[in-house]
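Asks: Spelled out, the chains give:
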Amino acid sequence: MVATLTRAFGLHNLALAEDVVQDAFCRALEVWKLRGIPENPSAWLMKTAKNRAVDVLRRERTALTFAPDLGRLLQTEWTLTNAVEEMFDPIGIKDDQLRMMFSCCHPRLSAPAQVMLVLQLVGGFGAREVASAFVSSPAAVEKRLSRSKKTLAESGVLFDIADAADFALRMPVVQRALYLIFSEGYHGASPHAVIRTDLCCESIRLARLLAEHPLGAVPSSLALCALMYLDAARLPARLDAGGDLSSLFDQDRSRWDRGMIDEGRAWLDRSATGTELSRYHVEAAIAAAHAAAPRFEATDWTAIVSLYDTLMEISPSPVVALNRAIAVAQLRGPQTGLEALDAVNDRDRLARYPFYYAARGELELRRKNNAIAREHFASALALARNPVEQRFLKKRIEACACGAI
Amino acid sequence: MGEFLYLYRGGQRSPSPEQSQQIMQKWLAWMKELTVSGNLKDPGQPLELEGKVVKGKSATVTDGPFAEAKDLVGGFSLVVADDLAHAAKLAGGCPILEVDGCVEVRPVMKMDM
Chain A
1 MVATLTRAFG LHNLALAEDV VQDAFCRALE VWKLRGIPEN PSAWLMKTAK
51 NRAVDVLRRE RTALTFAPDL GRLLQTEWTL TNAVEEMFDP IGIKDDQLRM
101 MFSCCHPRLS APAQVMLVLQ LVGGFGAREV ASAFVSSPAA VEKRLSRSKK
151 TLAESGVLFD IADAADFALR MPVVQRALYL IFSEGYHGAS PHAVIRTDLC
201 CESIRLARLL AEHPLGAVPS SLALCALMYL DAARLPARLD AGGDLSSLFD
251 QDRSRWDRGM IDEGRAWLDR SATGTELSRY HVEAAIAAAH AAAPRFEATD
301 WTAIVSLYDT LMEISPSPVV ALNRAIAVAQ LRGPQTGLEA LDAVNDRDRL
351 ARYPFYYAAR GELELRRKNN AIAREHFASA LALARNPVEQ RFLKKRIEAC
401 ACGAI
Chain B
406 MGEFLYLYRG GQRSPSPEQS QQIMQKWLAW MKELTVSGNL KDPGQPLELE
456 GKVVKGKSAT VTDGPFAEAK DLVGGFSLVV ADDLAHAAKL AGGCPILEVD
506 GCVEVRPVMK MDM
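For the record, the sequence lines run as chains A and B. So that you can map any letter, position 250 of the first sequence is 250 in this note's numbering, and since no number is skipped, the others follow by simple counting. One gets this note's numbering by counting positions in the second sequence from 1 and adding 405 to each.
Only chain A is shown next, with the shape it has when bound in the complex:
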């Protein structure tokens, strides 16, 4: 709703749009208190916001300047109601959300700032929810958001999604922001919850919004959707019955969500058009390879290693290299895996990453070097970010003791 109203009021009146939505929400609650919640609360809220928008536009017409392209329509009483009506039609709303998503990913903002804005302005997350997603205090997030909104307001106009060249340029930034939201939900740093389903769901919703929009439906967007579905399908099995983290090795694969796997595969098939091979294509293909294996032992490691090789070519990073090394170890044994780990460039960038040490520990354990493995798991434990990770690593340390000489 904020996205649609900002379309009417102009980006420089972002705060006004937020106020109108807040106001619509408060008014709805007042009425619902006495009259009960209507059958379709969101439609009701939309309607209330629409009416408030017309009121505000009418009242402030002289005092404010609105969106430049709509300004003329909104100036006269004859066209105002119709113009607002049109803005609130379902297709219009999708355009608005896309426009807002692209506007939030302003190059002058840092990636975390972009993500926070997307969550709040398109996702409708409150400052408190955004704060919990980013392990930060609501006050700090509030401050950061208001600074970002100022930057956004200074840029004056909403992103023009019809400008093909700009659109293509901004697309990777938007995709990265959505993927960040997903990753934060999938293995975020929150000390309270190791999995944040709300963030995963919201990122999937936004990625679909992008991938289903005629302008946003480029192959990489479809692949991003595929990747999110295929990864999210494993979420139900990531925690075992006791609430402990379960690695891919010993996950109960019957708890994987078959529906999501099918959905992911369908997106992946549809993404296989054109010449573009994005990192999302390759990552989705890796996820699909895992999903295709009924048992861990049945995993096609040859295919996975070669996919990681491709990923290293198009989007190299220490974390990708780490994951590749793990796959190499599966294919050619722990010794080769450790050699691959030693060969990772920028290894110091992994120094704060608990799973780097956990991976070394796992491979040493398999080589029966229990004492060394134990040390690596202990280093990982020191870096663990939440109780669930801590419990997982403590169990691994215990495992080292079992086979010790």
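Think of the hints as simulated: they come from the structure by calculation, not from any bench. A few of these clues could be false.
Claimed, not checked - For lysine-lysine, the following BS3-like pairs were computed, each having C-alpha atoms within a straight-line distance of at most 27 angstroms:
1) K437(B) <-> K47(A)
2) K47(A) <-> K431(B)
3) K143(A) <-> K47(A)
Owing to the predicted nature of the structure, the values given are computational and were not obtained by experimental measurement.
With chain A fixed as given, assemble chain B onto it according to the hints.
Replies: Below, chain B without anything else, positioned relative to chain A:
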């Protein structure tokens, strides 16, 4: 048996979104309770907090709100109860009491013809 008007006065309106939702849940529960017990004749409506006051022979119009926010009528409902004491007792469950508001209970004057 008689009819009574509940006037909801004061009470903090919409503190934070989370709190508002909690408060609304309590209202829904209370309203449901009154409906089930057969005491709710009309749930009524909330009122805008703005208004005009028309006063005097010359019908001078001035802007409301008229009293302090804490005394302002924010809504009304119509209930059926045995007597004033019963109606007052029923009002004791109103969630507005938790947020510094009050319920004014007024018997509706009836003339049996």
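Asks: Could you grab the alpha-carbon distance between K437(B) and K47(A) and see if it respects the 27 angstroms cut-off?
Replies: Roughly 26 angstroms between the alpha carbons, so the hint for K437(B) and K47(A) holds.
Asks: Between K47(A) and K431(B), does the CA-CA distance stay at or below 27 angstroms?
Replies: With a Cα-Cα distance of about 25 angstroms, the restraint between K47(A) and K431(B) holds, given a limit of 27 angstroms.
Asks: Just to be careful, I want the Cα atoms of K143(A) and K47(A) compared with a cutoff of 27 angstroms; is the pair within it?
Replies: Between K143(A) and K47(A) the Cα gap is close to 31 angstroms, so the pair fails against 27 angstroms, i.e. violated.
Hint 3 from the earlier list is the only one contradicted by this structure; the remaining hints agree with it.
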